[in-house]
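Turn these sequences into a full structure, and let the hints guide you.
Protein sequence lines, in the order shown, are assigned to chains A and B. When you read off a place in the first sequence, starting at 1, and then add 25, the result is the number in my numbering. When you read off a place in the second sequence, starting at 1, and then add 15, the result is the number in my numbering.
Hints are supplied without guarantee of correctness; some may be wrong.
To be verified - FRET-style restraints, in silico, Cβ to Cβ:
(1) B:Asn-26 x A:Asp-221: 41 to 51 Å
(2) B:Asp-69 x A:Thr-188: 45 to 55 Å
(3) A:Gly-154 x B:Glu-66: 49 to 59 Å
(4) A:Ser-113 x B:Lys-46: 18 to 28 Å
(5) A:Gly-101 x B:Ile-55: 29 to 39 Å
Claimed, not checked - Derived DSS-like pairs (lysine-lysine); straight-line CA-CA distance at most 25 Å:
(6) A:Lys-192 x A:Lys-123
(7) A:Lys-192 x B:Lys-46
(8) A:Lys-104 x B:Lys-46
(9) B:Lys-46 x B:Lys-61
(10) B:Lys-46 x B:Lys-72
(11) B:Lys-72 x B:Lys-48
Treat the hints as calculated values from the structure; they're not laboratory data. Everything numeric in this text was worked out from a predicted model, so none of it was measured. Built from N, CA and C at the ideal position, the CB exists for glycine as well.
Single-letter residue listing:
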Amino acid sequence: MALTVVKTSALSGNINLTSQVTGALPVANGGTALTSGFVNGGALTEFDSWRKTSAMSATSSGEFLTNNLERCDTAGFEKIGTGMTESSGVFTFPSTGKWLLLFNASYYSNNQGDRLWGKSEIHTTVDDGTYVQASQGIENCSQNDDSCSCVTQFLFDVTSTSTHKVKFRVRSNNTWYVSGSSSLNDTYMDFMRIGDT
Amino acid sequence: MDQNNNYRPDNIEDWIVTLRGGDFILWTDSKNKIYANLTITDGGYKPTEQECNDGLKAMQDTWDSNNP
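Below, the structure written as structure tokens:
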């Protein structure tokens, strides 16, 4: 037997796994028994998705996303947990933890010919001041009216919600169109808390 | 641009972003991207409504000729 009841006198109604049971929870059909790390509901506690609702132009020096950022409001979406807050392109986390960040930038060679490359970049700070580039994705469009998506992600250990923040930048070898939409996720960023710090 | 229409330019912002680099367009209502709701945030030149309409029309003409 994997579970042992340690307080039989207290058993009535719901069983408190913390105080009334010891051992490992067996897993059917193979797998590893769980002995710790139970999460209420067994699911993520925080997930949020934001997007750029307007177009902008990337440049060779890089341009941060600062305007027209909104939480996804497409029918069927609902954030999990408290969610992120945003001001002028700077995102603040609702809680500490290890956060998986994903940023997708959609480029379009708007009759601009060969743009060679476009990048999506995640920039983070751990002192609420000095930002460093944490990751990048790169793609290229090779002809007129061509499109591409650059995806990048980064696991950010947020030990303080007041000092650890993130913002997003697009960069290309020449002035280049980055698309946005208020109806679907086109250029967008996801925030997922996947563990404790 | 409408992705469902092969990215044919369909809004004045498609032309405005070609003026210069950066994230300088701010819509006061991003669900209603009309000139009256347009703000320029970088201190640069804000084109007139006529310039926006003419610029979009020129882009659409180019797109149509490239995609017969």
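### Unsatisfied constraints (hint numbers, rising)
The structure conflicts with hint 3 only, although it agrees with all the remaining ones.
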